[in-house]
Amino acid sequence: MRYLFKTDYRQDTSLWRHRGDLFWYGLLGIVLLVIPFVLGEFYVGELGGVFVFAVAGVGMMLLAGYTGLISLGNAAFLGIGAYTDAILLSHGVPLLIALPVAGLFTGLFGIAIGLPTLRMSGLYLAIATLAFGSIVGTVFQKWEAITGGFDGFAVPAPDIFGVPIQNATGIYYLSLAVLVIVLWFSANILRTPLGRAMVAIRDSEISAQSMGIHLARYKTFAFALSAFITGLAGALFAHYVRFLAPDAFDVLLSVQFVTIVFVGGLGSLHGVVLGALFVRLLPQFIAIVRDDLPFGIGRMPGLEPSLYGLVLVIVILFEPGGIYGRWIKIKRWFQAYPFKRRTSFRRQKSYARSERLR
Amino acid sequence: MSLFRAEEIAIRFGGIRAVDAVSFEVNEGEVFSIIGPNGAGKTTIFNLISRIYAPTSGRLIFQDQDITDVPPYRIAGLGIARTFQNIELFANATLLQNLLIGRHCHSTVGVLSQVLFLPFVRRAELKHREKVEEVIAFLGLERYRDTLIANLPYGVRKVVELGRALCIEPKLLLLDEPSSGLNVEETEGMGFWIEDIKKDLGITVIMVEHDMNLVRMVSDRVMALNYGKVIALGTPNEVQNHPEVVRAYIGGEG
Amino acid sequence: MEDAARLLQLVVNGAAAGCIYGLIALGFVLIYKATEMINFAQGDIMMLGGFFAFALITHFGLNYWVGALLAILLTAAFGFALDAVVLRRVIGQPQFAVVMLTLGLGFIFRAAAGITWGYDSVGFETPFTNRTINLGGLILGQDNVSIIVGTVLLCGVLYLFFSHTRLGIAMQASSQNQLAAYYMGIPVRTVFSLIWAISAGVAAVAGILLSPVSMIDVNMGFLGIKAFAAAVLGGFGSIPGALLGGVVIGIVEQLAGYFLPAGFQEVTSNVVLLATLILRPQGLFAEIAGKRV
Numbered sequence: 280m281r282y283l284f285k286t287d288y289r290q291d292t293s294l295w296r297h298r299g300d301l302f303w304y305g306l307l308g309i310v311l312l313v314i315p316f317v318l319g320e321f322y323v324g325e326l327g328g329v330f331v332f333a334v335a336g337v338g339m340m341l342l343a344g345y346t347g348l349i350s351l352g353n354a355a356f357l358g359i360g361a362y363t364d365a366i367l368l369s370h371g372v373p374l375l376i377a378l379p380v381a382g383l384f385t386g387l388f389g390i391a392i393g394l395p396t397l398r399m400s401g402l403y404l405a406i407a408t409l410a411f412g413s414i415v416g417t418v419f420q421k422w423e424a425i426t427g428g429f430d431g432f433a434v435p436a437p438d439i440f441g442v443p444i445q446n447a448t449g450i451y452y453l454s455l456a457v458l459v460i461v462l463w464f465s466a467n468i469l470r471t472p473l474g475r476a477m478v479a480i481r482d483s484e485i486s487a488q489s490m491g492i493h494l495a496r497y498k499t500f501a502f503a504l505s506a507f508i509t510g511l512a513g514a515l516f517a518h519y520v521r522f523l524a525p526d527a528f529d530v531l532l533s534v535q536f537v538t539i540v541f542v543g544g545l546g547s548l549h550g551v552v553l554g555a556l557f558v559r560l561l562p563q564f565i566a567i568v569r570d571d572l573p574f575g576i577g578r579m580p581g582l583e584p585s586l587y588g589l590v591l592v593i594v595i596l597f598e599p600g601g602i603y604g605r606w607i608k609i610k611r612w613f614q615a616y617p618f619k620r621r622t623s624f625r626r627q628k629s630y631a632r633s634e635r636l637r
Numbered sequence: 672m673s674l675f676r677a678e679e680i681a682i683r684f685g686g687i688r689a690v691d692a693v694s695f696e697v698n699e700g701e702v703f704s705i706i707g708p709n710g711a712g713k714t715t716i717f718n719l720i721s722r723i724y725a726p727t728s729g730r731l732i733f734q735d736q737d738i739t740d741v742p743p744y745r746i747a748g749l750g751i752a753r754t755f756q757n758i759e760l761f762a763n764a765t766l767l768q769n770l771l772i773g774r775h776c777h778s779t780v781g782v783l784s785q786v787l788f789l790p791f792v793r794r795a796e797l798k799h800r801e802k803v804e805e806v807i808a809f810l811g812l813e814r815y816r817d818t819l820i821a822n823l824p825y826g827v828r829k830v831v832e833l834g835r836a837l838c839i840e841p842k843l844l845l846l847d848e849p850s851s852g853l854n855v856e857e858t859e860g861m862g863f864w865i866e867d868i869k870k871d872l873g874i875t876v877i878m879v880e881h882d883m884n885l886v887r888m889v890s891d892r893v894m895a896l897n898y899g900k901v902i903a904l905g906t907p908n909e910v911q912n913h914p915e916v917v918r919a920y921i922g923g924e925g
Numbered sequence: 329m330e331d332a333a334r335l336l337q338l339v340v341n342g343a344a345a346g347c348i349y350g351l352i353a354l355g356f357v358l359i360y361k362a363t364e365m366i367n368f369a370q371g372d373i374m375m376l377g378g379f380f381a382f383a384l385i386t387h388f389g390l391n392y393w394v395g396a397l398l399a400i401l402l403t404a405a406f407g408f409a410l411d412a413v414v415l416r417r418v419i420g421q422p423q424f425a426v427v428m429l430t431l432g433l434g435f436i437f438r439a440a441a442g443i444t445w446g447y448d449s450v451g452f453e454t455p456f457t458n459r460t461i462n463l464g465g466l467i468l469g470q471d472n473v474s475i476i477v478g479t480v481l482l483c484g485v486l487y488l489f490f491s492h493t494r495l496g497i498a499m500q501a502s503s504q505n506q507l508a509a510y511y512m513g514i515p516v517r518t519v520f521s522l523i524w525a526i527s528a529g530v531a532a533v534a535g536i537l538l539s540p541v542s543m544i545d546v547n548m549g550f551l552g553i554k555a556f557a558a559a560v561l562g563g564f565g566s567i568p569g570a571l572l573g574g575v576v577i578g579i580v581e582q583l584a585g586y587f588l589p590a591g592f593q594e595v596t597s598n599v600v601l602l603a604t605l606i607l608r609p610q611g612l613f614a615e616i617a618g619k620r621v
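Protein chains in written order, with this note's numbering: chain G, 280 to 637; chain U, 672 to 925; chain C, 329 to 621.
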């Protein structure tokens with residue numbers, strides 16, 4: 280078992296806890312870079328999809344996991360980013376400019392939804408974002424002049440300095456690059472006053488204010504940042520699916536983002552990637568076992584959302600820490616062996632206390 | 672020298688006058704206690720000073736500056752820190768992170784620099800860490816640095832509340848019932864810390880308290896409230912023997 | 329004169345639709361007042377109630393009134409069981425978790441209903457289907473009128489129940505401080521499960537009343553989103569508010585469809601919702617209180 284012996288404050292500000300972590304991350308990096316040369320196009324394409332969803336997951340995690348702002352409308356941000364990117368490209372803007380611009384433009388919408396919802400508590404915010412997502416979805420459908428409505432919007436195939444991107448390998452590396460950058464930004468935020476302010480807002484708004492944290496500014500910023508990142512994911516998504524249909528950005532997609540964050544483990548960046556992996560693999564899993572399921576369940580429409588539902592329920596009931604939480608528990612079990620006791624991981628009984636009293 | 676002044680401060684909740692034309696002055700370097708039965712309006716006054724509530728009338732003057740209309744998030748930057756009666760720590764963060772959040776009002780780095788974690792951001796982080804370690808050493812919290820607040824016992828959390836307020840490096844410290852929930856030894860320890868805060872750190876303290884021993888031990892002056900009004904103001908002895916105060920606590924002939 | 333009749337027709341239709349929204353919203357508010365949980369699956373419970381009635385009346389051939397009552401009781405029992413088995417475990421967890429849990433449950437209910445009864449719309453014979461009633465020269469569908477009348481009756485019963493029984497006070501206590509309620513000897517968990525049962529029963533009533541107007545199908549629970557708007561508009565702590573909010577939204581929707589260009593009707597409820605949340609978050613009735621520190 281490794282003991283972490285800290286000798287310098289710098290260790291607490293760094294991104295890895297010790298040399299061992301650095302080694303493993305490095306190894307992971309090399310493996311990821313090499314994968315497209317080893318695996319077939321299908322798997323590379325799927326992994327690219329995982330990275331795209333992971334980017335959206337980071338956006339969701341920063342908002343919900345770190346600032347405690349529940350959003351059920353992030354699919355709207357994805358859609359805005361996707362359509363913006365596609366439209367810019369169709370006007371000849373190069374991809375490397377269209378991508379961040381799509382993100383920034385979506386960020387503005389984040390501010391637009393963040394400002395009026397400042398005073399809303401968790402539950403009302405969830406409802407408001409749900410309504411917002413719904414309205415934006417309807418706009419996508421009706422504003423045919425821009426989005427092409429139900430006819431769809433074929434995304435132009437871009438290239439970066441002559442290298443065509445809209446194929447499995449291109450999407451893979453592009454999304455991986457964006458994911459790494461976004462993860463790095465998020466990890467940075469978490470070790471600075473900015474991230475701590477967000478966590479403070481999540482845990483106790485009143486004392487956060489007493490510490491000098493300007494609630495309105497930070498909440499709006501959280502929304503803007505989340506929208507920016509989800510917008511980037513949206514642009515990537517556009518190239519992943521190559522054809523934009525307005526009903527793709529519905530509540531089910533927002534729920535998928537939330538599932539990523541929950542299943543991965545609320546509050547951990549590792550969890551985002553694990554969650555994205557899980558959420559993207561689930562349809563594959565369904566496709567494989569579909570014919571073997573009894574009672575013809577496999578042929579039922581609505582199987583996918585119901586499985587998402589089942590997963591959500593199971594995770595929340597039995598492992599609120601998500602996959603990452605379970606991984607940590609397993610690691611601790613091995614590290615403490617043979618001293619593990621059955622009560623090591625017992626969760627404390629929690630009692631509800633109303634937040635409503637004055 | 673007057674550090675803080677409340678002039679005819681008042682607030683009403685519907686028909687109830689929670690605080691009714693209260694005036695008092697706190698001098699620099701003193702420990703000023705506010706006592707009174709439950710519901711007298713003591714915590715409400717703190718909430719008014721830290722601007723969580725807005726007064727319906729009256730003024731608050733801090734260092735000759737009118738802070739009556741200052742938004743709540745500016746209060747820490749002005750040098751006023753407070754603890755909460757029911758402990759409002761950030762439960763899902765570690766002790767260290769809680770104290771570092773206390774340093775927020777001293778943070779000067781911009782958003783973009785933080786996102787990119789430029790070298791001077793790291794240097795600023797280390798500076799804040801050093802300051803926080805001073806507070807940790809002062810309060811003896813070393814062994815709990817990396818523990819989540821949710822896993823800490825109540826007595827320790829009270830101390831962390833105090834520590835977080837100290838990290839603001841305030842000129843005025845508002846302590847809301849620092850001894851509630853603490854046993855005799857812990858209360859004595861709290862008293863020693865308050866004395867150290869006054870003598871070594873030179874911080875002015877306003878304290879809401881029920882424990883009269885603690886009040887007598889550390890206070891320079893005491894103010895007694897009842898039903899939102901001031902009923903006595905003076906040294907601990909004067910106030911404790913004041914007939915109005917006795918009547919408020921114990922009751923007497925009408 | 330004809331326009332006035334048309335408008336009145338719209339208002340009645342809107343009020344009827346609004347009553348359904350209001351009933352679902354009522355279920356939300358009941359659960360929220362008691363446990364501060366938001367049940368995103370409320371609409372889907374309405375759907376289940378409707379299907380139960382369908383099964384009892386068409387498959388088992390029961391009389392409408394008997395079948396309906398049985399369906400309501402069955403759904404109430406289902407709600408009770410749901411709380412006892414599933415929801416109880418998440419009390420005390422952050423609101424987000426509960427929201428997602430009920431969302432997930434909604435998905436499961438829809439799939440289960442689809443597997444059991446198929447994905448087509450179904451209906452059953454009611455005393456109100458395709459009949460009209462003549463009120464002062466105005467011809468109204470009995471189905472719509474039955475919705476309004478049924479809702480009013482149900483709300484009357486509920487109001488009396490909550491304002492004149494100990495159970496209501498026990499529910500309030502349990503919601504404000506669960507631990508203290510335990511100390512006072514209130515069987516908190518049973519009380520909560522009873523609330524869920526009542527809420528589910530109300531949802532079943534909504535489903536049954538709705539069936540003659542629009543058939544029963546797996547996705548009818550999506551009305552739940554409009555019910556949100558109703559609950560918010562009425563102010564989340566208020567039972568009469570929920571109903572009133574529903575009726576307002578129902579009527580506004582109908583009027584929007586009549587006066588505004590096509591395509592705006594869909595977004596009406598969402599726009600009302602957002603506007604309320606932004607401009608008057610406490611809704612028409614309730615008060616939002618701050619946390620006491």
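Hint data in this document are derived by calculation from the structure and do not stem from the laboratory.
Just so you know, these numbers come straight off a predicted model, no measurement behind them.
Beta carbons are placed, not taken as given, at the ideal position from N, Cα and C, and that holds for glycine.
Among the hints, a few may not be true.
Stated by the list, open to error - Simulated coverage check for chain G against chain C, where a stretch passes if three residues somewhere in it have a Cβ under 8 Å from a Cβ of chain C:
1) 355-368
2) 409-423
3) 433-440
4) 529-542
5) 604-611
Status of each hint after checking the structure:
1. 355-368: It is violated: at least three residues are needed, and the stretch 355-368 of chain G offers just 0 whose Cβ sits closer than 8 Å to chain C.
2. 409-423: holds (count 7)
3. 433-440: violated (count 0)
4. 529-542: Holds, because 4 residues of the stretch 529-542 of chain G bring their Cβ atoms closer than 8 Å to Cβ atoms of chain C.
5. 604-611: Violated: only 0 residues of the stretch 604-611 of chain G have a Cβ under 8 Å from chain C.
Hint violations for this structure: numbers 1, 3, 5, all remaining hints satisfied.
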